[in-house]
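There are 2 protein chains.
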Amino acid sequence: MNVKTELITFNTGMALENGHKLDSFELMVESYGKLNKTKTNAILVCHAFSGNHHASGKNKVNEIGWWDEIIGPNKSIDTNKYYVVCCNNLGGCSGSSGPKSINPSSNKPYGSNFPLVTVSDWVNSQKMLMEKLDIPYWHFVVGGSLGGMQALQWSIAYPDKIKKAGIFAAAAKSSTQNIAMNEVARESIRKDHNFHDGNYLEHGVIPKNGIKTARMLGHITYLSEQHMNQRFGRKFQDDSSKVGLDVDFEVENYLQYKGEKFSEIFDANTYILMTKAMDGYDAASKSDDLSSALKGVLAELLIIGFYSDWLYPPERGKEIQIAAMNNNIKSSYVVLNGEHGHDSFLFHSDKYSQIISKFIES
Amino acid sequence: MNVKTELITFNTGMALENGHKLDSFELMVESYGKLNKTKTNAILVCHAFSGNHHASGKNKVNEIGWWDEIIGPNKSIDTNKYYVVCCNNLGGCSGSSGPKSINPSSNKPYGSNFPLVTVSDWVNSQKMLMEKLDIPYWHFVVGGSLGGMQALQWSIAYPDKIKKAGIFAAAAKSSTQNIAMNEVARESIRKDHNFHDGNYLEHGVIPKNGIKTARMLGHITYLSEQHMNQRFGRKFQDDSSKVGLDVDFEVENYLQYKGEKFSEIFDANTYILMTKAMDGYDAASKSDDLSSALKGVLAELLIIGFYSDWLYPPERGKEIQIAAMNNNIKSSYVVLNGEHGHDSFLFHSDKYSQIISKFIES
Chain U
29 MNVKTELITF NTGMALENGH KLDSFELMVE SYGKLNKTKT NAILVCHAFS
79 GNHHASGKNK VNEIGWWDEI IGPNKSIDTN KYYVVCCNNL GGCSGSSGPK
129 SINPSSNKPY GSNFPLVTVS DWVNSQKMLM EKLDIPYWHF VVGGSLGGMQ
179 ALQWSIAYPD KIKKAGIFAA AAKSSTQNIA MNEVARESIR KDHNFHDGNY
229 LEHGVIPKNG IKTARMLGHI TYLSEQHMNQ RFGRKFQDDS SKVGLDVDFE
279 VENYLQYKGE KFSEIFDANT YILMTKAMDG YDAASKSDDL SSALKGVLAE
329 LLIIGFYSDW LYPPERGKEI QIAAMNNNIK SSYVVLNGEH GHDSFLFHSD
379 KYSQIISKFI ES
Chain H
29 MNVKTELITF NTGMALENGH KLDSFELMVE SYGKLNKTKT NAILVCHAFS
79 GNHHASGKNK VNEIGWWDEI IGPNKSIDTN KYYVVCCNNL GGCSGSSGPK
129 SINPSSNKPY GSNFPLVTVS DWVNSQKMLM EKLDIPYWHF VVGGSLGGMQ
179 ALQWSIAYPD KIKKAGIFAA AAKSSTQNIA MNEVARESIR KDHNFHDGNY
229 LEHGVIPKNG IKTARMLGHI TYLSEQHMNQ RFGRKFQDDS SKVGLDVDFE
279 VENYLQYKGE KFSEIFDANT YILMTKAMDG YDAASKSDDL SSALKGVLAE
329 LLIIGFYSDW LYPPERGKEI QIAAMNNNIK SSYVVLNGEH GHDSFLFHSD
379 KYSQIISKFI ES
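Going line by line, the protein sequences match chains U and H.
Its first residue numbered 29, the first sequence is counted upward by one per residue in my numbering.
Its first residue numbered 29, the second sequence is counted upward by one per residue in my numbering.
Looking at chain U on its own, in the form it has when it is part of the complex:
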């Protein structure tokens, strides 16, 4: 597989939705496969809240890409046939410009001064990336969760630059409960003693505890209740492998472990920025309703939900499907079993993978 990882600079800068102007910015980009001569085989993969540009294969430090079960040679998104592009979103913490970057006006990390970006801003930056890569249009823009919101927004914002969109485990807007959960996560970060109003890097510390708590909560919302019951039930953690003194149950140990790991790699300001973008997205915010918002869409849509997903349950996909039908948009809506709750979109299953590859080829 032809893999290319590069940091691309956009010196022209970009006007953000909130009125702020970024004078210049960088995107960390990874691509797989090759653009064909007719330039008709480009696919944009959009990452979810805590993802990054590394979607497939192993990178230099042997980490497997977050969507490796779906993207690769002879996989659903077949890198033998398609040129697949994935970038770390603006505001991220995996190489693209974000709160960890140096603010040229102060020569210090942006911290909490990095502007709040939106799903629309990401789509606009990805449009600039498309042009930079000399791609005339995307054959397919796809993502799960927050990535699905970007795919939907692409179909709305640039109808003639996208042939097909894949919107998986996503919604046209976050629910009240989604926002509420994210606010708890943000609260735990902001109130970490080491947060320093977001300028922790200047103080040489990171708000690890806050990020850990936030992730533990997030993790619960990504899994299905049934899956947790089956995997952990009410089993007690054996003493020898307890990560904390206060741990009684296996599920506590698991969450502690996962939260701790995540807190070592993820940036707190990015956590806040990404959840704010997720909460703030409403595909219909500039229209009367979702049907009106989708009026100009030309792309064919594939909407996939999972029964066990309680974060963005299947009903949220159905809302998009109904709005698509109201506009005579060619659209397919499928609900799959998926054992892994919201995270189901990350994993291969024969049905899921086949639906994706057939849709791309159709």
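To be clear, the hints were calculated from the coordinates, so they are not data collected in a lab.
Among the clues, some could well be false.
Identical copies go unnamed one by one, so any copy, or any two together, can satisfy a pair.
Said to hold, decoys possible - Taking lysine-lysine and the DSSO-like style, the derived pairs with C-alpha atoms no more than 27 angstroms apart in a straight line are: (1) K128 / K86; (2) K346 / K67; (3) K103 / K32; (4) K160 / K358; (5) K286 / K304; (6) K286 / K263; (7) K346 / K136; (8) K236 / K189; (9) K236 / K286; (10) K314 / K263; (11) K379 / K358; (12) K304 / K236; (13) K160 / K201; (14) K263 / K201; (15) K304 / K289; (16) K160 / K192; (17) K32 / K189; (18) K379 / K109; (19) K263 / K304; (20) K286 / K88; (21) K88 / K346; (22) K314 / K270.
Quick caveat: nothing in here was measured; it's all calculated off a predicted structure.
Use these hints to put chain H onto chain U, whose structure you have.
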């Protein structure tokens, strides 16, 4: 209404389930109405996680009791007819012995050294209270959520001391997801900079931020998603009444406000202790299964669930009902609409109130 609020001391002490012995302890007790001459009209009301002894009417500082919609003259639990007793659970923070109490062996607050108590311990202490009050048996033991667990445990532990049990919005054991959510709440408290391993009182501080985050999360789990959607939707908070700079949506403001209020009155060690008791309870822990556990039950059961409750959904009540039926226990299981999610058990509705009063009178 005849109301009595008193602190009762138990000098004989009590052996706890975990092997620890409390040499003496105190319970803060409130009662309504009068014990009749035949001593057949006593009702024990057990409080949920953050409740206390003050269940009905207004207290000295004008606070309305947590179950005032259900308990009072001519209400479902009619204090004109019944002698209703409610105590702050052992380990609580409203007057009963708990982490805030002075440890006689150190002359400092117990803090995190207060022993972890269990639902069984509470039931045992309430049995001692019953004897102290010269009550031969309870006509009815009732509670919602963690209070319902105590009512269930009463029917198992002291079958000849309880005629009827009311188990509302409860379960015979917490689910994996319940435990997971509580662990996130505990984590936010333990990692508060002011927690000091639970000995914050000695340091003259309280881990307010941790309690606040914990309560914000808890609050989400007590409300139904639909109720939150209807009440808050995606409405933005107007600037003039924002409680924090980072607040965008009304639901954020609401949770911030509720969390803040709670953090000013509730004790962090009690939060940990109560959630540990909730997580740890399993009515069948000493039996093969729930049916075996209920074998000796003599009380008549009233099990009520609420469709909108996703913390202890109706299925959890059904498990108790099935186990009761397997033992030919006289038992009624009802699922009501209840708009308020898990919290529905707290509120009056004509149907709910009528079911309770008919059951008590039957």
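Quick one: K286 to K263, C-alpha cut-off 27 angstroms, is that within a copy, between copies, both, or neither?
Answer is within: at 18 angstroms inside a copy they meet the 27 angstroms cutoff, but 33 angstroms across does not.
Homomeric proximity label, K103 with K32: Cα distance no greater than 27 angstroms:
Classified as within: same-chain Cα gap 19 angstroms, cross-chain 72 angstroms, threshold 27 angstroms.
Homo-oligomer pair classification [K263, K314; C-alpha up to 27 angstroms]:
Only across copies: K314 and K263 sit 15 angstroms apart there, 49 angstroms inside one copy, limit 27 angstroms.
27 angstroms Cα threshold - placement of K236 relative to K304
Close inside one copy (19 angstroms) and across copies (24 angstroms); limit 27 angstroms.
Quick one: K236 to K286, C-alpha cut-off 27 angstroms, is that within a copy, between copies, both, or neither?
Answer is both: 13 angstroms inside a copy and 25 angstroms across each meet the 27 angstroms cutoff.
Within, between, both or neither, where K304 and K289 count as close if Cα-Cα is 27 angstroms or less:
both (23 angstroms within a copy, 25 angstroms between copies)
One pair to classify: K286 and K304, alpha carbons no more than 27 angstroms apart. Within, between, both, or neither?
Answer is both: 22 angstroms inside a copy and 21 angstroms across each meet the 27 angstroms cutoff.
My question is about K88 and K346: at a cut-off of 27 angstroms on alpha-carbon distance, are they close within one copy, between copies, both, or neither?
neither (40 angstroms within a copy, 53 angstroms between copies)
Identical-chain pair category, K346 with K67, by Cα at 27 angstroms:
Neither: 33 angstroms inside a copy, 59 angstroms across copies.
Is it within a copy, between copies, both, or neither that the alpha carbon of K32 lies no farther than 27 angstroms from that of K189?
For K32 and K189, the Cα distance is within 27 angstroms only inside one copy (23 angstroms; across copies 74 angstroms).
Intra- versus inter-copy proximity for K270 and K314 (alpha-carbon distance at most 27 angstroms)
Result: close only across copies, 24 angstroms inter versus 50 angstroms intra.
Between copies, within a copy, both or neither: which fits K346 and K136 at Cα up to 27 angstroms?
Answer is neither: 45 angstroms inside a copy and 59 angstroms across each miss the 27 angstroms cutoff.
When each numbered hint is compared with the structure, violations occur for hints 2, 4, 7, 8, 13 and 21.
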